[in-house]
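Colleague: Protein sequence lines, in the order shown, are assigned to chains V and R.
745 is the number that UniProt numbering gives to position 745 of the first sequence; each next residue is one higher, with no gaps.
351 is the number that UniProt numbering gives to position 351 of the second sequence; each next residue is one higher, with no gaps.
One or more hints might be untrue.
As the list claims (entries may be wrong) - Here are the simulated DSSO-like cross-link-like pairs (lysine-lysine), alpha carbons at most 30 Å apart as the crow flies: (1) R:100 x V:98; (2) V:506 x V:736; (3) V:98 x R:301; (4) V:476 x V:500.
Said to hold, decoys possible - Covered by chain R, according to a simulated footprint, are these stretches of chain V (three or more residues, beta-carbon under 8 Å): (5) 175-184; (6) 190-201.
Claimed, not checked - Far from chain V by the CB rule (all over 10 Å, computed), these chain R residues: (7) 18; (8) 38; (9) 43; (10) 44; (11) 111; (12) 174; (13) 257; (14) 276; (15) 325; (16) 408; (17) 440.
Derived by calculation from the structure, the hints in this document are not laboratory data.
Cβ coordinates follow ideal geometry from the N, Cα and C atoms, glycine included.
These are the residues of each chain, in order.
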Amino acid sequence: MPQNLDPATPSLANAAICSIAASLIPEPKNIAFIEADVKVITANESETFEKFRNINLGINRTEIDIKFELEMSSQKKKNFQIEAFKHRVVVDPKYAEKTWKILEHAIHEIYNHNASGLSFEELYRNAYNMVLHKFGEKLYTGLVSTMTSHLKEIALSIEASQGALFLEELERKWTEHNKALQMIRDILMYMDRTFIPSTHKTPVHELGLNLWRDNIVHTIKIQTRLRDRLLELVQRERSGEVIDRGLMRNVIKMLMDLGSSVYQEDFEKPFLRLSADFYRGESQLFIESCDCGDYLKKAEKRLNEEIERVSHYLDAKSEVKITNVVEKEMIESQMTRLVHMENSGLVNMLMNDKYDDLGRMYNLFRRVPNGLSLIRDVMTSHIRETGKQLVTDPERLKDPVDFVQRLLDEKDKNDKIIHLAFNNDKMFQNALNSSFEHFINLNVRSPEFISLFVDDKLRKGLKGVSEEDVETVLDKVMMLFRYLQEKDVFEKYYKQHLAKRLLSNKSVSEDAERSLILKLKTECGYQFTSKLEGMFTDIKTSDDTMQGFYAAMGQELGDSPSLAVHILTTGSWPTQLTTTCNLPPEILTVCDKFKTYYLGTHNGRRLTWQTNMGSADIKATFNKGQKHELNVSTYQMCVLMLFNNGDGLSYTEIEQATEIPTLELKRCLQSLACVKGKNVLRKEPMGKDIGEDDTFFFNDKFASKFYKVKIGTVVAQKESEPEKQETRQRVEEDRKPQIEAAIVRIMKARRVLDHNNIVAEVTKQLQSRFLPNPVVIKKRIESLIEREFLERDKDDRKLYRYLA
Amino acid sequence: MAIQKDRVKFNVGGKIFETTATTLAIAGRDSYFASMFDENWDLQLNPSGDYFIDRNPDCFSILLDLLRTGELYIPPHVPEKLLYREALFYGLMGHVRTAKWGSFDGNRLQPLTSITGRAPGDGTAIRASPEGGCCVAHGSMVHIYDWMLSEQHPINLDYQRVNDACWVGPVDPTGLVISTCERLGRGQGGMGLFNTTTGELRHKFSVTHEGVVKSYTAGALSFNDSYNLFSSCKGRSNEYGIGVWDQNTGQQVDFFYEPPGWSLGDADKLQWLNGSNCLLVATLFPRKDNCYISLLDFRSKSMVWSWSDMWSPANGDDRRVRDAIAMEENGSICVVNEFEDLGFMDLRRESSSVRWSSRSRLMKGKMPDEPCYPKLALHEGQLFSSMNDCISVFCGSDWVLTSRLRRSFGGSICDFSIGGDRLFALHSEENVFDIWETPPPSIV
């Protein structure tokens, strides 16, 4: 071997391969060795092979050519090697061109699926050498033009594909291109690593994608066709056809791989536009032909279909966009119409408790702006309307228990809707509460009715009901109580009713009573319930006192009528104006004894008999020797006792003897003489009403199958009109000091304040109990000015000053 | 084929190697081996049952060992450059780089080598690149060295004096900004962004005052995270201040004019503070008679913190600040005087004064013939200070001296720089610089 060879030059290495490769060829004409032959040629970079190379590359490769080369190489194997090294080895001026041709050929073969004959090692080395010898630029531009020309060919074949095969062809070519690109990058890796970063060129893989985009996807003939085809498939799927989702996914994935802007411009934007048009049309169609419930079902189905579509073959980021389109076109644009739809809209659903439809509406409307507030507004006005009807219906006012029960039912119904359909949304709960607060206070008698409802429950309604159920009922009552603006009115009534329950011993359960008082206490504070608690204490101490009385005076009393006295603290109880009556002498004796006893044990107290609140059990014997025990009120007892001394008493006689107030007396006579089955007295003339000229007789023929007969007082559970006025007046009276106290408290802190601010502050302080009327506040201020708690400012008449 | 499935036989330049596909897989997808064994390639075995690679067998053996063990051992007879070239061929450069030296630790540094330049001594600055290479500014030339320490094409600034250089950073590893002096009468000077591989000028940063482009002298440089470039600028008509440019577009985005009685345009050092969004500007003795250190907030166009020794009573020459560095984590600025005494100032307090730490170093009277002013650097909680021919490393909350780096050649250290997990120190008497690196963590 010639010694002037530089081992670093490629010639020697290539020559070595050449000899190895050549020696592998035993039979020149064997076609099977064509590949080996190619290797010889491609590996060769010495001048000696120049001739072959030119022939080889100048003419299109044919079998004959190859055979020719094979013969040449095998024949001249020894000779040319020696010959080669006779010349000085200089860098081949056509070296770059030749090496590039090899690589270009390889790229062709890769695209033609003919890569099995390529040697990775050799191609990598050639690419490496080109970069190493500063031919990177040539390699890069060569790559761009070769790849471009292949892609142009591919574009033609995709364009030529017919109809439905278009997408399939595109997908197939895309897969092939990706594989080819991977292989090309494999052999050009060295360029990718060194030449491309230092020259700020596009890396091979990205370059391949860009070229695909520019030469395939963005060509006139393919771009619109691709877009239309994709959109057509989506539309067909929407109309119920089954499409090849895998194909769709792959093609869409291709657009995403080409960059998010390609996906957006070439597919997503037109897709969204088309969808908007489609759903605009469809919503129009549905709204004309469906009722609200069906429409919502269809909208929900469409929405779910779109979400599913995104998960199957679109970019996940498209989900928000497409659902926005559906929401806008199918829900937002039609929601007012849907809600107000005749016979099937929101009001209808609410009335018929259509939880599924309501839930669907909630879930769909929640997605669009103002959707829920629309539902809320319609629902609020519906509840207010029905509530208003409920509280103002004169029929309902007849039965307070039923009235309150209906309120509770209405509340339960709406609570259930909010719970089942509206996801317990706070917004709806608040709307419900404000609606109830609104209409309950439309009726001034609501506080009274609620108290009556409680009274009814605590008298009998809760008999035999478990403790938990009692709690539930009480909680519901408390909820209604919270809606009341005039809580003090409720308190007033509640006190009356409680007093009656306690005194007549009619309360079902003391636990329930106490539990409710506790609830009122947590709601309104200690002040609100202290008197109510005082009433319980009085009852308890009364029992003790009575025991003491009988223990001390038992023998003295003998067989006189037994007495049970409730000592009520003045102020704790709703006392009416003291209306005394003349008690029968036997009773009076016992009462006086008790009075002496009590005042003897307690210093400095005053006892007043509340005869209007008492009751009595008297034994009566009728004509046939029939004995009955009559349970009557104190007044009735007084009247009946008169008949022990004489029959046929006129109204005036009775009135004079007992001195019972006219109204009470009439009421009491009515219940003794006019109620069937309880008429222990007989009246002449007969009639329902008591007249001043009537005469009363002991009814000998009275008969009852019960031994004990309870003679109730004819008294409406509800208050009569004048009583109502009276209670109202008392409430107003009670409010005065409260308002004054509030004004003084505020003025003491602020010293100077104008009128409007005082009214606002007072209202704020008192609204937990009642809503004070501004006119009343003004009067109270004037009263305070008169009493010199306040004075008007001398310059500004609207300003008040506090006078310490 | 009698070879078991996992076993792979190579013939590299005539030498047979046998290994496994598992070992080769460690090379990663971007390597020669991964591509070679990709199913796309219909690999052809030689009749002897191996794959031929036309490369240097000695290097292959080292690289194969690297894949097998993760450790790099270069036998003395193999030149490093040769190995690097082969690693680049196989796509194993990342592996070599990682195996060669570990992450930076000032206390474990070991000298790698010293490189001598062609020009005489007295270099201006040395700057470590994020990749582990460096550049040395010298007169009007900037010499570039890659991480393998082979010199690239130098950048010649047409006889304009280079003042500072600054690597753009990881986003553009080849980008280098160079600031130069203005050349009177030609409108040249200022700053440019160069590609260090090709030497091409990518942007020239110009300064505009009242709509007119003016020539200027660019001094110290700094970058921030939002790709802004800062430089101290001196224009001819007293247009002194700090210029701000967008690194990507090359456009000037802001200019902070020097307030009267202060110094910004002459600054020796700029440092961007990420936490407080401020720029530290330090002009130091002897460039000016007094030292001026300030923090600039560009959003409010205000100086949010400042210190100058013209306010403090002169106490002789021994306490002149020669370099300053802000340490955001400690909320302080560290300064150093020519005797390498460290001083600290509180960043959180206005009108702070220097608290000198009492380090008893017997420096006075022992100055070398050609003293260099001390310089400071901070790297992950370690403070570095150069003085004469050695660099001190300080650690911990009270900055205890923990290590000393010294090589006895080239005279005093005039500049040093830390980057790419390496420390570069440039000597002043002779044109030579040292490279220090942390050995990789031991495998066992």
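Colleague: A cut-off of 10 Å on Cβ-Cβ distance, and residue 18 of chain R was said to be off the interface with chain V. Does that hold?
Modeller: Nearest chain V Cβ is 17 Å from residue 18 of chain R, so the label holds.
Colleague: For residue 174 of chain R, is the shortest CB-to-CB distance to chain V above 10 Å, so the non-interface label stands?
Modeller: Its Cβ does come within 10 Å of chain V, the nearest being 7 Å, so this is violated.
Colleague: Minimum Cβ separation between residue 43 of chain R and chain V greater than 10 Å?
Modeller: The claim is violated: residue 43 of chain R sits with its nearest Cβ about 7 Å from chain V, within 10 Å.
Colleague: Would you say residue 276 of chain R is clear of chain V, with no C-beta pair closer than or equal to 10 Å?
Modeller: holds, 35 Å
Colleague: So if I understand the rule, the pair passes when the alpha-carbon distance is 30 Å or less; does residue 506 of chain V with residue 736 of chain V pass?
Modeller: violated, 34 Å
Colleague: Per the stated criterion, does the least C-beta distance between residue 38 of chain R and chain V lie above 10 Å, as a non-interface residue requires?
Modeller: violated, 6 Å
Colleague: Against the 30 Å threshold, does the CA-CA distance of residue 98 of chain V and residue 301 of chain R hold or violate the hint?
Modeller: It is violated: about 62 Å lies between the C-alpha atoms, which goes past 30 Å.
Colleague: Taking the minimum C-beta separation from residue 408 of chain R to chain V, is that value above 10 Å?
Modeller: holds, 38 Å
Colleague: Within 30 Å, alpha carbon to alpha carbon, are residue 476 of chain V and residue 500 of chain V?
Modeller: holds, 23 Å
Colleague: Minimum Cβ separation between residue 325 of chain R and chain V greater than 10 Å?
Modeller: holds, 33 Å
Colleague: Mind verifying the non-interface call on residue 440 of chain R? Its CB should be farther than 10 Å from each CB in chain V.
Modeller: holds, 23 Å
Colleague: Is the claim that residue 111 of chain R lies outside the interface with chain V correct, judged by CB distances over 10 Å?
Modeller: holds, 30 Å
Violated hints for the displayed structure, listed by number in ascending order: 1, 2, 3, 8, 9, 10, 12.
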